[in-house]
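K.L.:
The residues making up each chain are set out below.
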Amino acid sequence: MARRVAIVSVGMDKFASRKVETVDEMVYRVAKNALDNAKLPREAIGAVVFGCAVDAFTATQAAEKVAIGGAGGRLRPTMRNCTSGSTAISTPILGYLHVASGLYDVVMCVCFEKMSECRPHAQHVFNTVYDEYFVRPIGLNVAIQCSLEARMYLRRYGNTELQMAKVSVKNHGNALDNPYAQLGKKLTVEDVMNSPCISWPVKLLDTSPTTDGARAVIFASEDVARDITDDPIWVKGIGRGGDSCWFTGRRNSDLARLDYAYYAAKQAYEMANIEDPSQEIDVAEVYDPFTYKEMQHVEALGLCPEGGAGRMIDEGISLREGKLPVNPSGGLLGEGNPIGAGMSRLCWAYLQIKGQAGGCQVPKDVNTAVCNGWGGMYQYNAVMVIGRD
Amino acid sequence: MPKRVAIVGIGQTKCGFNDDGFSYRELLYLATKQALSEAGIQREDIDSAFTTSYDFLEGRSLSNQYSLDSIGGVMKPCDLRLGEDGIYAIFAGYMEVMSKPGQIVVVASVQKASDRRPDADPAITLSTLEPVYVRQVFTNLPAIAGLEYCLAAMEARRYMHCYGITEAHIAKVAVKNHNNATRNPLAQNARKVTLDDVLNSEMLSWPLRSLEVAKPGDGACTLVLASEELAAELSDSPVWIRGIGWCSDTCYPAASELAKTKFIHIAARQAYAMAGIRHPAREIDLAEVYDNYAFNELQYCEALGLCGEGEGGRFIDEGISEIGGSIPVNPSGGLLGQGNPLGTAGLMRVAQAALQLRGEAGDCQIAGAEVAVAQGCGLPYRAGGVVVLSKW
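If you read the protein sequences in the order shown, they are chains A and B.
Once you know that position 169 of the first sequence is 169 in the numbering used here, the rest is easy, because the numbers rise by one and skip nothing.
In the numbering used here, each number is its position in the second sequence, counted from 1, plus 389.
To be clear, the hints were calculated from the coordinates, so they are not data collected in a lab.
Fair warning: there could be bad hints in the mix.
Unchecked claim - A partial selection of chain A residues facing chain B, derived with a Cβ cut-off under 7 Å:
(1) Lys39
(2) Ala56
(3) Ser244
As the list claims (entries may be wrong) - Computed footprint of chain A on chain B; a stretch qualifies when at least three of its residues, placed anywhere within it, have a C-beta under 8 Å from a C-beta of chain A:
(4) 668-677
(5) 754-760
Using N, Cα and C, we set each Cβ at its ideal position, and we do this for glycine too.
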């Protein structure tokens, strides 16, 4: 039977649009931070799991190999996960499997991405994710693809651009209190609505920036975790979902409803024995590379009814002081979006439960938190629920 | 000794530059379909799946996205893909099954080298080097086209120098594997070669000769893993995964010991400990190792404990690793003979070893094989893993 798995420490460092450190150095800083926080020597780590979504950002095949030293993984088992944006949460899920399966007692997950080295811009790398025969010739890119999705989403559920803008204001504002954030800003809804249109209805301030950054999380088995800390935070549920890469082959080919995300969330909640997430989840850190993505994800995660994300932001439920805070750290919009290192969502969920989130701490008791990652050809979602007993 | 995860279905396509016009998605589908039919299951029965791929070899970033449909992973908990050799998918699949018993997990990998422009390979090799300190040393080489061989030759020379291995030793490995492959129907361009053929083949970078280098090819491989409760139901001859281990060395060549493959040594020790194997040379009936270059086979046999450190030369001289020997190594022909779909070849080693234990290896069959070890390597060849399989 699967063993219980706890998170005993996280490693943080500042996100920035361009960091001068090499990948190895970036990884070293978060790995060291995580080890120090847990008061563990690096010899205590049984295996290292790397998460890095895209090799092409640093033009390095098997990009994690250069970071093996930094993570203390030399002559140890290391494995690299590179799903896509959902690397952010599927990497910790892989780390969880290392421990739950009984193979390792202490495992460190390290996620990193260095997007600034791309010339002329990281978006050019994203243009290479499309199928070379059928999709690439059409000229699809991330901005167009997202606007298609956003349009269908707004249309089907009657949510508005104004509500998207409010998400942007919330997350950029929350990031002001996050010491690791790249883009903390005091914005107004007008600022967002008047920012340059990327591809309607997505405007510049509806999008997350490109970012250099890394995060580390240490997982431990139950007995070892209790030796390391008096207050381990448990992994209560994991869920994953993948839909067809061909939009037209899906049950919901209009992209408005994220079937795969609902599917992933259902697994995680079942495992965690959560029946009504909107009541039982205390705080959510969701994957918000675009404002409408946060809205889609809170619905898929059951934090509000389907189509109800607009009302949720209108009524202030998802504000830091609201009833169910979403991205009190600023999310990817405010903290920065280094694709794989979106594992920061899990780190912040952990810090909220521990009460160590500093200025981002929500003003209420936090026992259970949910986080997710999203990516691929708009097809993958990974969900993790963590909490105290 | 745990006996909780079994291989219940095996699917492989023929290696080689496929001229049937199948795309990588179709190759993967064919292998998966074969593996599922062997286990008598439909795609609805799959609980989870893992794929592996390398973006630069595929020419696509996030190169897993389009393989999900081929492995029957749509609307399944399948959002995991490893940027490693296919053998790592076994490790992840094993952990998945162990963490929630009662599961059927598909692990798969595909590579279609014929989609790649041949002149792109040196750039891809360059991209596997550490970018800040190491790559700069090589970018100005006049003969960048041979970079891959120069790097491997460095290791080969060091290995020969430290342990008195000769060019003839290395050539004998190539002869053995090419000849073994003539018995393997899945092999790419298998042909009988002699020691003279190998020694007279084109010198790529001393001491590496053309016939001592595995040629890139197309191929897909899928295995179906199942937990103990389901294995007997799904297969008459389940092959048990008894031990797994994997390990990475540094990416700085100057900092690692090139004559030895310490990372495989450590991975093997872990896998053997899990499988309760104390004397691999006595207890292992056959090995499938990652002979990307002929000299690698000797190094890996040492690291796997099939012979002592530095005894690779004696090991091949005495014919121990021949099909009729006491520990046949790469009876399938290995990468040299069967073909080298990069990133999939390691998983194919496991598939071939499993076929041997089932007694379904055809003309390559080793009579009475009960325990086998398979080994694979990830790019850039300083990381790899080991799987110990048994029949009972």
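K.L.:
Against each hint, give a clear statement of whether it holds in the structure.
P.N.:
Here is what the structure says about each hint:
no.	hint	in the structure
1	Lys39	violated (26 Å)
2	Ala56	holds (5 Å)
3	Ser244	holds (5 Å)
4	668-677	violated (count 0)
5	754-760	violated (count 0)
Hints 1, 4 and 5 from the earlier list are contradicted by this structure; the remaining hints agree with it.
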